[in-house]
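Novice: Protein sequences appear in the order of chains Y and U. The first sequence begins at 8 in the numbering used here and counts up one residue at a time. The second sequence begins at 8 in the numbering used here and counts up one residue at a time.
Note that these hints are calculated values from the structure, not bench results. Among the hints, a few may not be true.
One copy or two, it doesn't matter: identical chains are merged, so the pair holds either way.
What the hints assert, rightly or not - Listed below are the simulated SDA-like cross-link pairs for lysine to any residue, each with C-alpha atoms no more than 25 Å apart in a straight line:
hint	residue 1	residue 2
1	K142	D119
2	K149	G92
3	K62	A169
4	K219	E198
Note that this is a predicted model, so its numbers are computed, not measured.
One-letter residues, chain by chain:
Protein chains: 2
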Amino acid sequence: MAKKQKTSLVVMTSSRSRLPLYYSLLRQLDQEGVKTVSSATIADYLNINPVLVRKDLSGATHVCGMPKRGFEVSPLLADLKGYLGYDKQDEAFLVGVGNLGHTLLSNRGFEDLGINIVAGFDNNPALIGEKVGDKPILPMDKMDEFVRRMGLRIGIITVPSACAQEVCDNMVSCGVKAIWNFSFTMLNVPEDVLVKNENLPMSLALLLQQMKSNTEQ
Amino acid sequence: MAKKQKTSLVVMTSSRSRLPLYYSLLRQLDQEGVKTVSSATIADYLNINPVLVRKDLSGATHVCGMPKRGFEVSPLLADLKGYLGYDKQDEAFLVGVGNLGHTLLSNRGFEDLGINIVAGFDNNPALIGEKVGDKPILPMDKMDEFVRRMGLRIGIITVPSACAQEVCDNMVSCGVKAIWNFSFTMLNVPEDVLVKNENLPMSLALLLQQMKSNTEQ
Numbered sequence: 008m009a010k011k012q013k014t015s016l017v018v019m020t021s022s023r024s025r026l027p028l029y030y031s032l033l034r035q036l037d038q039e040g041v042k043t044v045s046s047a048t049i050a051d052y053l054n055i056n057p058v059l060v061r062k063d064l065s066g067a068t069h070v071c072g073m074p075k076r077g078f079e080v081s082p083l084l085a086d087l088k089g090y091l092g093y094d095k096q097d098e099a100f101l102v103g104v105g106n107l108g109h110t111l112l113s114n115r116g117f118e119d120l121g122i123n124i125v126a127g128f129d130n131n132p133a134l135i136g137e138k139v140g141d142k143p144i145l146p147m148d149k150m151d152e153f154v155r156r157m158g159l160r161i162g163i164i165t166v167p168s169a170c171a172q173e174v175c176d177n178m179v180s181c182g183v184k185a186i187w188n189f190s191f192t193m194l195n196v197p198e199d200v201l202v203k204n205e206n207l208p209m210s211l212a213l214l215l216q217q218m219k220s221n222t223e224q
Numbered sequence: 008m009a010k011k012q013k014t015s016l017v018v019m020t021s022s023r024s025r026l027p028l029y030y031s032l033l034r035q036l037d038q039e040g041v042k043t044v045s046s047a048t049i050a051d052y053l054n055i056n057p058v059l060v061r062k063d064l065s066g067a068t069h070v071c072g073m074p075k076r077g078f079e080v081s082p083l084l085a086d087l088k089g090y091l092g093y094d095k096q097d098e099a100f101l102v103g104v105g106n107l108g109h110t111l112l113s114n115r116g117f118e119d120l121g122i123n124i125v126a127g128f129d130n131n132p133a134l135i136g137e138k139v140g141d142k143p144i145l146p147m148d149k150m151d152e153f154v155r156r157m158g159l160r161i162g163i164i165t166v167p168s169a170c171a172q173e174v175c176d177n178m179v180s181c182g183v184k185a186i187w188n189f190s191f192t193m194l195n196v197p198e199d200v201l202v203k204n205e206n207l208p209m210s211l212a213l214l215l216q217q218m219k220s221n222t223e224q
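In isolation and in its complexed conformation, chain Y is listed as follows (with noise of 0.2 Å):
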């Protein structure tokens, strides 16, 4: 793995929102056969302050760093999923099962930090009845029964802008309460219900004017 990443992260206040970081670069790290590591080497990869990913680490799991060599990756990695609940699957679906929602329905990483992307919902017949790997699509007016009865609490919103509020609407009135919105509409939704907005050419926009300033300096 590379040793150090130059990317600034997200400010990120609490250790319910490292966490998954943690199990991210644990998993990584696993993968690529690292039997041991400290919390030093998991600061800096994350640009985090060694102390915080000590005190994190040892409020989420029962694992013990030991001297020198630091903690011990696969038991870490195993006490991280359970506290995450990343053995028990959430389940999401999603609307619009354009280009982009087909990317989410046959994305398997989602899987990997126990979110089941269910299903996707959309009104063109020709995708109705079809599948993406083994997620159905289903038609729009199914969407209501189908997020009551299943108890769905997210949704993916993949519809175009100018639908996306209607989307989001019945969204809510299903009982969702946290929505992953990639159309640019800034949405209306209950005090109660999360929003976070994926806007992919804003981001990539912003990294382009960093570049900028940066070339200027």
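Chain Y is fixed; fit chain U onto it per the hints.
Specialist: Chain U in isolation, oriented as in the chain Y frame:
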């Protein structure tokens, strides 16, 4: 447009990183036929202090707010577009034309923000010579020459994690200064190269954690 965004945005410390957000919002308002907008409304949508909004906009544009009415959307948009350089297109390229690569190549949102993803590279013979919209898919062994000749400085990595570092090294050797990384590999780059990681499964996992925190409160 929905009245109030409940999402908290990533902390943005410079006007340079806020200006693209103003642009994106104003573009949406303009498309919806909104003629004037106050700094308070902009601030409200984006969770930013209104004083900061006025400061940012007066530094980047020649448009003055009118008492009680605010800014005229259309000239403000035109000024911001020029200031941000979105009227001059920046060019990027992409390596790995799988599902996600296809999705990004066919996304028109980039061009709205002044970014043209000019080509995709892949080593799958079945893809080479094909096009995604008007974007060619070129063989990997043409990347070096193409990127140098075009002077491209922005590379997008949508290859599997296992070959991401190799692709990154190739990009860096061609003069790339900003990498948008969709693989899960933490890339090793020289000091003067920016990396932005876009780990989509992790992004959803963090939203899920946040939802669970909220539910427990």
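Novice: Tell me the hint numbers this structure goes against, listed in increasing order.
Specialist: The structure breaks hints 2 and 3; every other hint is satisfied.
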